[in-house]
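Starting from the given sequences, assemble the full structure and let the hints guide the process.
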Amino acid sequence: DSGVTQTPKHLITATGQRVTLRCSPRSGDLSVYWYQQSLDQGLQFLIQYYNGEERAKGNILERFSAQQFPDLHSELNLSSLELGDSALYFCASSVGQGGYEQYFGPGTRLTVT
Amino acid sequence: SQKIEQNSEALNIQEGKTATLTCNYTNYSPAYLQWYRQDPGRGPVFLLLIRENEKEKRKERLKVTFDTTLKQSLFHITASQPADSATYLCALLSGGYNKLIFGAGTRLAVHP
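Chain order of the listed sequences is W and U.
With my numbering applied, the first sequence closes on residue 136, and no number is skipped along the way.
With my numbering applied, the second sequence closes on residue 167, and no number is skipped along the way.
It should be emphasised that the hints constitute simulated quantities derived from the structure, not laboratory data.
Hints may contain errors.
Unchecked claim - Computed Cβ-Cβ distance ranges for the label pairs, DEER-style:
| id | chain 1 | residue 1 | chain 2 | residue 2 | range |
| --- | --- | --- | --- | --- | --- |
| 1 | W | I83 | U | N62 | 24 to 30 Å |
| 2 | U | G96 | W | R45 | 15 to 21 Å |
| 3 | U | S84 | W | E98 | 30 to 36 Å |
Heads up, the beta-carbon is just placed ideally off N, CA and C, and yes, glycines get one too.
So, in structure tokens, the structure goes:
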């Protein structure tokens, strides 16, 4: 158990809908990272927050947004969902903002039908 | 463009042998290289981090080497066990050291 929690574990929704994925980092970690993993793309970095501020951005679509709250939990919002958004979404956390030694949550499996 | 290559073919070895996985990269000058383990349907687990000025790092049965001239890292598991069967991911930091870029991973299967 990494200490990172993610909810929900599974999500099934229809195209065009909007969903919110939630992540709580390990106690003491200030950075939260979001990743998308699909079969054909591998593990792709989406975005990083450190202590409430955006620190780095990957290939995150404009339909996706994220934020980190004062209690350090983070939410990833996915809107206007398409079939291709079906994937495993992982959250990770680390103590510092440098991106190393990241601890991953169990993931949320999103299925768009 | 920046690229990380790991052997996409599964590595099958006998229990007790040493498994060696390769990570090659191009168009990077990473200060750090990391290895993660991922089991099917689960989140990656951090294993080891090696810095550019370290040639080798060990942790229990794991050993990582980092050759910045060859742009290659080797990941060794000695005395392998069936429980070591998983996908192993190599990762480099990019873009100001915040963006962690993962290779596609190599699946290791250790047979009794």
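Does the structure break any of the earlier hints, and which numbers would those be? No hint contradicted; all consistent.
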